[in-house]
Each structure stands twice: as structure tokens, then as C-alpha cells.
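In order, the protein sequence lines correspond to chains E and Y.
Quick note: the first sequence, position 51, residue 43 per my numbering, numbers continuous.
Quick note: the second sequence, position 369, residue 361 per my numbering, numbers continuous.
The set of hints was computed from the structure by calculation and includes no laboratory data.
Check the hints yourself; a few may be wrong.
Note that identical chains are pooled: a pair holds if it fits in a single copy or bridges any two copies.
What the hints assert, rightly or not - Taking lysine-lysine pairs in the DSS-like style, the calculated list, with each CA pair at most 27 Å apart, reads:
(1) Lys175 <-> Lys19
(2) Lys185 <-> Lys145
(3) Lys0 <-> Lys406
(4) Lys146 <-> Lys77
(5) Lys232 <-> Lys146
(6) Lys204 <-> Lys0
(7) Lys185 <-> Lys103
(8) Lys0 <-> Lys214
(9) Lys198 <-> Lys19
(10) Lys19 <-> Lys271
(11) Lys7 <-> Lys214
(12) Lys198 <-> Lys181
(13) Lys185 <-> Lys43
(14) Lys103 <-> Lys77
(15) Lys378 <-> Lys43
(16) Lys185 <-> Lys146
(17) Lys271 <-> Lys181
(18) Lys181 <-> Lys146
(19) Lys138 <-> Lys232
(20) Lys0 <-> Lys19
(21) Lys198 <-> Lys145
There are 2 protein chains.
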Amino acid sequence: MESFEINKEDLERIKTALGGDDAELEKVLAEYHASEIAILFEQLPLEAREKIINILPTEEASEVISEMNEEQDPGELLISLHPEKRSEIIEELDYDDATDIISQLEEHEQKEILEDLDEEDASNIRALLGYAEDTAGGLMNSQVIKVNIYLDKKDALDEIIRQSEEMEEFNTIYAVDEFDVLKGILSIKSIIKAHANTWIENLVIKDFVYVKADLDQEEVAKLISQYNLTAIPVVDDHMKLLGRITVDDIIDVMEEESTEDILKISGVSEDEELSGNWKAAVKSRLPWLIINLGTAYLAASIIRHFDTTIERIAIISAYMTIIAGMGGNAATQALAVTVRRISLSDLTDRQAYNTVLKEFLVGLINGAANGLIVFFIAMIYDANLKLGLVLFLAMTGNLIIAGLTGATIPLVLKRVGIDPAVASSIIITTFTDCAGFLLPLWLATQFLLPHH
Amino acid sequence: MESFEINKEDLERIKTALGGDDAELEKVLAEYHASEIAILFEQLPLEAREKIINILPTEEASEVISEMNEEQDPGELLISLHPEKRSEIIEELDYDDATDIISQLEEHEQKEILEDLDEEDASNIRALLGYAEDTAGGLMNSQVIKVNIYLDKKDALDEIIRQSEEMEEFNTIYAVDEFDVLKGILSIKSIIKAHANTWIENLVIKDFVYVKADLDQEEVAKLISQYNLTAIPVVDDHMKLLGRITVDDIIDVMEEESTEDILKISGVSEDEELSGNWKAAVKSRLPWLIINLGTAYLAASIIRHFDTTIERIAIISAYMTIIAGMGGNAATQALAVTVRRISLSDLTDRQAYNTVLKEFLVGLINGAANGLIVFFIAMIYDANLKLGLVLFLAMTGNLIIAGLTGATIPLVLKRVGIDPAVASSIIITTFTDCAGFLLPLWLATQFLLPHH
Chain E
-7 MESFEINKED LERIKTALGG DDAELEKVLA EYHASEIAIL FEQLPLEARE
43 KIINILPTEE ASEVISEMNE EQDPGELLIS LHPEKRSEII EELDYDDATD
93 IISQLEEHEQ KEILEDLDEE DASNIRALLG YAEDTAGGLM NSQVIKVNIY
143 LDKKDALDEI IRQSEEMEEF NTIYAVDEFD VLKGILSIKS IIKAHANTWI
193 ENLVIKDFVY VKADLDQEEV AKLISQYNLT AIPVVDDHMK LLGRITVDDI
243 IDVMEEESTE DILKISGVSE DEELSGNWKA AVKSRLPWLI INLGTAYLAA
293 SIIRHFDTTI ERIAIISAYM TIIAGMGGNA ATQALAVTVR RISLSDLTDR
343 QAYNTVLKEF LVGLINGAAN GLIVFFIAMI YDANLKLGLV LFLAMTGNLI
393 IAGLTGATIP LVLKRVGIDP AVASSIIITT FTDCAGFLLP LWLATQFLLP
443 HH
Chain Y
-7 MESFEINKED LERIKTALGG DDAELEKVLA EYHASEIAIL FEQLPLEARE
43 KIINILPTEE ASEVISEMNE EQDPGELLIS LHPEKRSEII EELDYDDATD
93 IISQLEEHEQ KEILEDLDEE DASNIRALLG YAEDTAGGLM NSQVIKVNIY
143 LDKKDALDEI IRQSEEMEEF NTIYAVDEFD VLKGILSIKS IIKAHANTWI
193 ENLVIKDFVY VKADLDQEEV AKLISQYNLT AIPVVDDHMK LLGRITVDDI
243 IDVMEEESTE DILKISGVSE DEELSGNWKA AVKSRLPWLI INLGTAYLAA
293 SIIRHFDTTI ERIAIISAYM TIIAGMGGNA ATQALAVTVR RISLSDLTDR
343 QAYNTVLKEF LVGLINGAAN GLIVFFIAMI YDANLKLGLV LFLAMTGNLI
393 IAGLTGATIP LVLKRVGIDP AVASSIIITT FTDCAGFLLP LWLATQFLLP
443 HH
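My request is simple: use the sequences and hints to build the entire structure.
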């Protein structure tokens, strides 16, 4: 199979069916998976979405809504539905999904929705709304299968089957005491395979990985990936079981974090939505561009300082842009490798030292290689040995600076607690621009100006 | 809990224990999870790794080896072990993990290892070695729980428990016919809850998501994420069940693909390992830098063309670097958002058109905003209204070009089948550099040169 992508044929089919009678629409919709309908929603107006949700069976409708991504605004759709239909759909949703959607709405809309729900659902969702979105608490589902650790196999299995009524997956079961304190985890397999009279206490694993509700979601993702877990329990400060996070929730987190990394390293605010409108994009990018403008003036002030050199050797201003540009490129390379490396795991002092040393060497070699090319071009094109030497030295020097700053700046920022992806690229460009102008201009002034 | 990071205390403890007697070492190691030992291995030489693997219980040792990442070279460690110990460890590994490690070795080493294994394991691993590493076949584990679709509940459950002996997780069960053709999937929950006499045929879901063995791993990740699966079956062209891929394997794929995206967009070959040595880094980055040097000369040739203008208005060469640099920054922003967006999902023609239009608007507004700043600085600092206007126009023009190319180039590359992350950044920098030099120089020549 191939993943489902938006396409004209499917869109046309749905649109035609939307114009026809309900029975026809129902038949067409039955051929699509909920996540496919959610994708098609991207190209359908609110009224069409509403009509489709109203015609789908409640279970399917709630699945479509949980599959819509944040940018499609599933909350707006929920609010537009008849209160009864809406409550039915929310009751079908997992608590974590319902909370994600409701948290995007205005306070009075949240209140309205919660008032219509039955008390248990409402209080569960209210509790989840209290956690920050990017923490373990904000990710977790409070629906878990838990059994008292002092039961025997038979009673536990009955209890598990009873509780699993509303759960899709029940691979991991949590064993708690009478105060809901998490005591251990066990797999459905170990229960099924156990002899009839076995006590749950003897089946549980007591050395398990868990997280507190306020842990950052990036740390949760690291733990799940590091210990190869399919789910992780979330507890409060007294080890009381609050919920669990499953690996498929983490996939979304990882996608989100990678997007943020790519945006930040490119000078875009991490909050900019990929399909956001132009106003949001201007708001996210203009501040960064203005900071860049400041550093560009800093670099340009170096050029102003060498006015006389440029007036006499105009050609040097063409070459200096090449050397500054190449420095920027080489620094971006060193930066990307270093930032990505420290975002995947921390480095020891020795590893950090080796990274800087490596980037110095890479800068030296790549600088000398490109310096030689520039040297020969200057020899052939300008027939000027001295100019060639100046350019060779400037290129090598700037690529060494590029490698050193590209590796050092993110490592230093990380140690002082600043996100290296955000600030690194602006700092290193300033370095390579300044050095890229200063080196050729200063060297040219020293060695090429006749009356110096 | 926090994720485990390399730290001095744990390293010192292990190193001290390595110098002591075996009982002491065993005791210290027992306090670490296999994935933690794998992380500590990064800082331990081969002999130390060997000693630890030999002292650990086989099951734990095989887990440590499966947790080592590719860059730590688990194959080298396997080869260094006594053949008997080695075979024991490999037999404990999942087939897919064993295959990943063995595939990294030389052919004669692979042969040596496979000859020592029992026939079933060897032939399973041999089969997996035949699939390309980055396809569904290369990711899958051929160990699955499968039952004949024509069994009843009791026989099926017995069979499942028998097969689950060697599996950690058995949430998904595959129903096949007598030729191993995949007929449906079912959950352990549906079997447990079914009445005693139910036929498996009546429990299976027949409309399921599957992949062919040669599907690219990125597509597999998209499917698992799109349909929220915990596992996906892999079949051959005749729907014969070959294995399955679980969501935790996909987490590694996603991390890998994000790393590749970040590296490619920064002009680093996707094959460069983050912790690779300087030789590999030079090999990966130098070709890209040389291509960049070529485009830099292209842009610089524009500057050469305006020699006279620069000699007379030396200050313009400082301003042109600012305008070209700002264009590069704005284009990188537009590029990052567009590349990430199309790497997460395809765009319809209308969405593509809207993206370009949005980036044009963003370029216009951000260009005008920065153009105003540059205008006022030229008025204050150089007291030159004409210069201010030239710079305003050049800045606005170049940021519009930056937005248009930053959005259009990746969209066009994607349509013609070229990976937009690889080639985009070099193409747009060429555009913004050329326009960044051409616009201010040409405008200055037109409006600022006295004797034009």
C-alpha cells in the first residue's frame, strides 16, 4: 500500500456525493478510512465537514475528528455540531485526544462543551486540561487498564476484560495498590500464560520506567526511544498512577520536534505553522530578519573601513563576497551536524573537544582545497600571484573559523542552557561574514596596495 | 525518570569494576539497563566491551548489542567474541536486529557467523540480508505470530501461546491460509473475549493496511503514522506473509530521516554520520562546497561587471553585501517551511499556488520593512536620499525574489522527482546572491552615478 495523499479524483467523488442524497454519501464515505477522510477535510469547507460528520456513525466520526491535525481546527468543527451529537462524539474520543481539541477553544466554548458531557468524562477532561500541552501530563491518556496487585490471575483477567471494553489495545497492564499507587507493570501475555492460582504480585515487573506528569515531551520521547517502550506510565509525586503515554502519541511529538529543529536552524520561529497564513509568517520571521540586518551592518562596517582599498582594487569586493559566502556555507555544514548530534544525545567533555578538533581539521582541509581553486583562478584570470596568495590565505582562514564556530557555538550555548538550534546560525553567520570581509580586505591592504 | 546520558560517575564506576574481580563487575552491571550499558559502551574500548558482554547473562548481552547504534559498530564486537558465545547471543536477537548488525560486516565475516548458527536462524537471517536496508523488507522482523484462519478459538489460543514463547509482545496476530497467504489480522483481545467455539475466520479484520517488502522505509513510516498502527504486516507480491514492522523500529527510521533532512538542507551529504571522523566529513562536504564556489563566482561576475560603479561609489559594495545576505536569510526561511511541509505531505496544485502567493506577500512585506530601515540609515548616516531609495527598492526586490524562489524551487523539484531538500538551498542562494548584487549595483549605476 501507499500512504494516502490528497488527490483530485477522491475530492471530486466526495464533492459530488455531498451534492446528492444521504444514502449515496454514506455509501461513498464507507469506502474511506477515517484518517483518509481527515486528510480530505483539508480541502473541504466547514459546512461540508459538518455534513460528513453528521452522516458518519459516531465511532467513525470521532475517529475522523481525532485524526484531523491541529491546523485543520477540529475544535471549530466540534463547536458547529449539534450539542447532542457533539457530546456523543467526545465520549467516543480518548481523553487525551478530546483534551487536545478542547484546549484549542475559547474558555466559554470549553465550558459549554464540558457542561453537556456526563460528569465522569467532564472531570477527566478537566483534569487533563490542567497540564501544559508539551508535558507528559498533556500527552497522556488517563484511560488505562489497572488491576489491584493483590488479585489472583482469574479475578485480574476478568477485571482486565471488563476494563478493556473501551480500550483498543491492552498490551500493558498496570498493577496498583488500594491508593492507586503504581506498584508494577505486567503484560497480558504473562497473565494468560500463568497458572490459574498465580497472584498478580508474583507476575509484575517492579523495575519499570515511568515519568512524572510535568516532564517535557521531548524527554518522554527520548525515554520511549531509548528503552524501546510501547507505552510509559505517568505518575504524580507520590507515584499515584495518572495515565499512560503510548508510542503512537510519541510519533507525533517526534515529527513536531524535528519540524521545530529544521525551522529554528533556518531562522523561523518554532511556533510558525507550516500551512499558516502570510500574517503569521511575517510575525514569525520579521524579528529574526531585523536582528540579521543588525549583524549585517556590523559586517558591512568592516567594508566601510576599507573604502580606500576597494576604490583602488575594486576586484577585491567581488572576491570578498565569495570568501564570506563560502565561510557561511561551511559553517552551516558544521553547525547542522553538531546541532543534530547534541539534540540526539549529550556529549561528554572529551566528545565535545573531539568535535571541535574534527571541525577545525575539516575547515583547514576544505579551506585549503577551495583556497587552491581560488588561487589558480586569480592566477589565470587576473594573472596576479600576490592576489592569488591573499585569496588562498583568506579562504583557508575563513573556513577554519567557520568550522571552529560552527562546532563551538552550539556546544557552548547548550552548556549555558540556550537552545543551540535557535541562536547558533545567526552568531556563526556574523562570525563568517566579518572574517570573510576582514581577511581579504586586510590582507589586500597589507600586500596589494602599492603605497601602503 | 530522566533519559540516561553519559556521565563521569557511571563511567568511573564501570571502569573501576572492570579492573576488579568478575563478581564485583557482575554486581555493578546488574544495576544498569541494557540500553544504558549500550550508551556507556560509547566511551569504552573494545576489550572492555568484550569483557562486559562475556560476563552478562546471554539475554542481557544480546539486548545490549541490539541497543548499540550502528556508529558504535556492534558487528566488530560480535566478531571479537568466542564463536559459541556469539552464536548464543545472535540466537537471542530478533532476526531483524541480527540482520542489521551482520549486514555491516565483510562478506567472509558474515559467512563465518552464519555457519555457526543453527540452520533455521541462519536461513531466516540469510533471507533478510537479501532486502535493501532502507526498505520494508530491511526493517521487518520475520518472527510473527500467525495462526491458520480456519482454527477455532481454543486451538488458536494454544497455538498463540506456544508461538509467543520467543516474542516479547503479541498484540497483533496474523491469520493466514495453508500457503501462508495473509487473510486478516486480529487482536489478542478479540480472541480472549470471544466465546469458546468461535472460528478465527469470524474474528479477523479483513480490511487491513499492509506493505510490500520493497517499499521505501519513509513510506512505511508515513503509513504507520497516518493510520496510527502499532505494527504493519509485510507481504510479497502474492500476499504471502513475510514479517512485520513494529512502531518502535519506525521511531529509529523517523529519527534517521529527520537527521537526513536537516543535513541535506544544510549542504551535508545525507550519508555523513554525525559522529564520523574528519576524513568522512571532508568527503561528504567538499564536493558541495566546490559547487557552491562555482555559483559564488557566478554571482561575483555580476560585481565585476560594475567595476566602475564600485570604484566611484565604494560604499555600495558594503550595502550590496547586506542586501544579498538578507535575501539569503529570507529565502532560507521560506525554503525551510516549504521543504518541511512537502516532506510531511504532498500538496495539491491549489495548495502549491497558495504557498507561492503567501511567500510572495511575506517577501514583499518583510522586504519593505527592512527596506525602510536601510532607507533611514542611509538618510541619517550618508545623508543621501537617492541612495536610500536605491537601497529600499533593492531590499524589497530581493526579498520578494527570496520568497518566490524559496517556495517555488522545492515545489518544482518535487514535481520533477528531485529531492527538494538536497538541491534547493544551493539554487536559491545563487538566485538571492545574484539578485542581491545586481539590484543595488544596477540601480546605483542608473540613479547615483553622476555622469551616466
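Checked hints:
1. Lys175 <-> Lys19: Result: close only across copies, 24 Å inter versus 49 Å intra.
2. Lys185 <-> Lys145: For lysine 185 and lysine 145, both the intra-copy (10 Å) and inter-copy (16 Å) Cα distances are at most 27 Å.
3. Lys0 <-> Lys406: between (47 Å within a copy, 18 Å between copies)
4. Lys146 <-> Lys77: neither (39 Å within a copy, 41 Å between copies)
5. Lys232 <-> Lys146: within (25 Å within a copy, 38 Å between copies)
6. Lys204 <-> Lys0: Between copies only: 25 Å across chains, 46 Å inside a chain, cut-off 27 Å.
7. Lys185 <-> Lys103: neither (47 Å within a copy, 38 Å between copies)
8. Lys0 <-> Lys214: Result: close only across copies, 20 Å inter versus 39 Å intra.
9. Lys198 <-> Lys19: Answer is between: at 19 Å across copies they meet the 27 Å cutoff, but 50 Å inside does not.
10. Lys19 <-> Lys271: Result: close neither inside a copy nor across copies, 40 Å intra and 61 Å inter.
11. Lys7 <-> Lys214: Between. Shortest inter-copy distance 26 Å satisfies the 27 Å Cα cut-off; intra-copy 43 Å does not.
12. Lys198 <-> Lys181: For lysine 198 and lysine 181, both the intra-copy (16 Å) and inter-copy (24 Å) Cα distances are at most 27 Å.
13. Lys185 <-> Lys43: neither (48 Å within a copy, 36 Å between copies)
14. Lys103 <-> Lys77: within (17 Å within a copy, 63 Å between copies)
15. Lys378 <-> Lys43: Cα proximity of lysine 378 and lysine 43: none, with 76 Å in one copy and 59 Å across.
16. Lys185 <-> Lys146: Both: 12 Å inside a copy, 14 Å across copies.
17. Lys271 <-> Lys181: neither (53 Å within a copy, 49 Å between copies)
18. Lys181 <-> Lys146: Result: close both inside a copy and across copies, 14 Å intra and 16 Å inter.
19. Lys138 <-> Lys232: Within one copy only: 12 Å inside a chain, 38 Å across chains, cut-off 27 Å.
20. Lys0 <-> Lys19: within (19 Å within a copy, 64 Å between copies)
21. Lys198 <-> Lys145: within (17 Å within a copy, 32 Å between copies)
The structure is inconsistent with the numbered hints 4, 7, 10, 13, 15 and 17, although it conforms to all the rest.
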